[in-house]
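J.: Given next are the chains, with one letter for each unit.
Number of protein chains: 2
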Amino acid sequence: MTEQSRGRARSGRRPGDSGTRDAIRAAAREQFAEQGYDRTSMRSVALQAGVDPTLVSHFFGSKQKLFAEVMQLPFDPSAVIPRVVAGDRAGIGTRLAGFVVSVLEAPEGAARLTGLVRAAASEDAAAAVVRERITHDILGPMAAALGSDQPELRGSLVGSQVVGMVMARYVVRIEPLASLPAERVVALISPVLQHYLAEPLA
Amino acid sequence: MTEQSRGRARSGRRPGDSGTRDAIRAAAREQFAEQGYDRTSMRSVALQAGVDPTLVSHFFGSKQKLFAEVMQLPFDPSAVIPRVVAGDRAGIGTRLAGFVVSVLEAPEGAARLTGLVRAAASEDAAAAVVRERITHDILGPMAAALGSDQPELRGSLVGSQVVGMVMARYVVRIEPLASLPAERVVALISPVLQHYLAEPLA
Chain V
1 MTEQSRGRAR
11 SGRRPGDSGT
21 RDAIRAAARE
31 QFAEQGYDRT
41 SMRSVALQAG
51 VDPTLVSHFF
61 GSKQKLFAEV
71 MQLPFDPSAV
81 IPRVVAGDRA
91 GIGTRLAGFV
101 VSVLEAPEGA
111 ARLTGLVRAA
121 ASEDAAAAVV
131 RERITHDILG
141 PMAAALGSDQ
151 PELRGSLVGS
161 QVVGMVMARY
171 VVRIEPLASL
181 PAERVVALIS
191 PVLQHYLAEP
201 LA
Chain U
1 MTEQSRGRAR
11 SGRRPGDSGT
21 RDAIRAAARE
31 QFAEQGYDRT
41 SMRSVALQAG
51 VDPTLVSHFF
61 GSKQKLFAEV
71 MQLPFDPSAV
81 IPRVVAGDRA
91 GIGTRLAGFV
101 VSVLEAPEGA
111 ARLTGLVRAA
121 ASEDAAAAVV
131 RERITHDILG
141 PMAAALGSDQ
151 PELRGSLVGS
161 QVVGMVMARY
171 VVRIEPLASL
181 PAERVVALIS
191 PVLQHYLAEP
201 LA
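Order-wise, the sequence lines are chains V and U. Residue 1 is where the first sequence starts when you use the working numbering, and the numbers rise one by one after that. Residue 1 is where the second sequence starts when you use the working numbering, and the numbers rise one by one after that.
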């Protein structure tokens, strides 16, 4: 993050930097989500943002750092996770399934999450970013909120079912899963998330 | 498949075609699995196979058809699925989990399945091939073998958990899931596969 922090530190002194960085972020977000990690380059992002390619390196350092910067989750985990995990244990699977599916049914949320999953699948450098994001931003707070036995394992099992649902319904679009109403999907995966989060594990 | 069938029909008349096709298949299989669908081209496959690029088009028609040809499952679904699905209902989740994990723990099986999942995530053309393969080769036979209520839905739910496990443990490598012994993974996902396959759905 050195390059990126440096870019930020300098931006206070140079009016216009903030707009440039925003334009680069917007272009990168779109290209990573639509073309995947592989086919997005510092140069293609610069071209779309209408800036010199050297500015992209200057502000963000590397493609991997740019990816980490823009592929944010479409929600604030520190606000959402305690809310979902708190409350009665018997409803935790349904609450989490409802939240995940509501994010995925919103176009912006779907684009960001499928973008993350697509990118993670495409290249080890992107997978490393996604792994760190999931571990720190989601599994860590979830484990802390759960506070039960094996919270990290429970979180990663939930992650496997959520990522699999993203792939099966939204990326590969396997039927009949792809065409089900959202509330049906919530009902179908709730018992599984409930099991992973709150029932005894093998 | 017209181009491909034409290639096959001609091969009977030209000795050496079979070796050439095998070399192209081997190179394509390796590149699709290791570099993904995007970065594999007819030209890069030809280069690695040591053949003229026009021969790749001649035998296989298009990149998508070449992909469909070589990204076979690392097992014969028509033999495996009835064996896994048959027998006592109470053990179906454990049998399927055991089979899936045993395939994924073998290097060749892991390379093929992660290759399929990576490719499916990377581009719509590859996702279409994977969707058709999963639907016809796996979900169809599984639905026929299950013969219970909503067999297609059950199959696609199982698919979501299996693909998610491939992503979480073998591609993104989320901990602690990535480092667990194989038999622990079998034990952890068995109840979920059991639920999807044999218990009442919401």
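One or more of the hints may lead you astray.
Because identical chains cannot be distinguished in the list, a pair is counted as satisfied if it fits within a single copy or across any two copies.
Straight-line Cα separation of at most 25 Å, DMTMM-like style, residue types lysine to aspartate or glutamate; simulated pairs [claimed, not checked]:
#1 63 - 88
#2 65 - 38
#3 65 - 175
#4 65 - 34
#5 63 - 76
#6 65 - 22
#7 63 - 124
#8 65 - 149
#9 65 - 183
#10 65 - 132
#11 65 - 108
#12 63 - 38
FYI, nobody ran anything at the bench for these hints, they're computed from the structure.
J.: Does each hint hold? Answer for all of them.
T.: Each hint, compared with the structure:
1. 63 - 88: So residue 63 and residue 88 fail the 25 Å test inside a copy (43 Å) and across (52 Å) alike.
2. 65 - 38: both (14 Å within a copy, 22 Å between copies)
3. 65 - 175: between (36 Å within a copy, 22 Å between copies)
4. 65 - 34: both (18 Å within a copy, 23 Å between copies)
5. 63 - 76: within (24 Å within a copy, 40 Å between copies)
6. 65 - 22: within (15 Å within a copy, 41 Å between copies)
7. 63 - 124: Cα proximity of residue 63 and residue 124: in one copy and across copies (13 Å, 23 Å).
8. 65 - 149: neither (34 Å within a copy, 48 Å between copies)
9. 65 - 183: Neither: 37 Å inside a chain and 37 Å across chains, both beyond 25 Å.
10. 65 - 132: For residue 65 and residue 132, only the intra-copy Cα distance (12 Å) is at most 25 Å; the inter-copy one is 36 Å.
11. 65 - 108: Classified as within; 22 Å inside a copy, 33 Å across copies.
12. 63 - 38: both (10 Å within a copy, 18 Å between copies)
Taken one by one, the earlier hints fail for this structure at numbers 1, 8 and 9, listed in ascending order.
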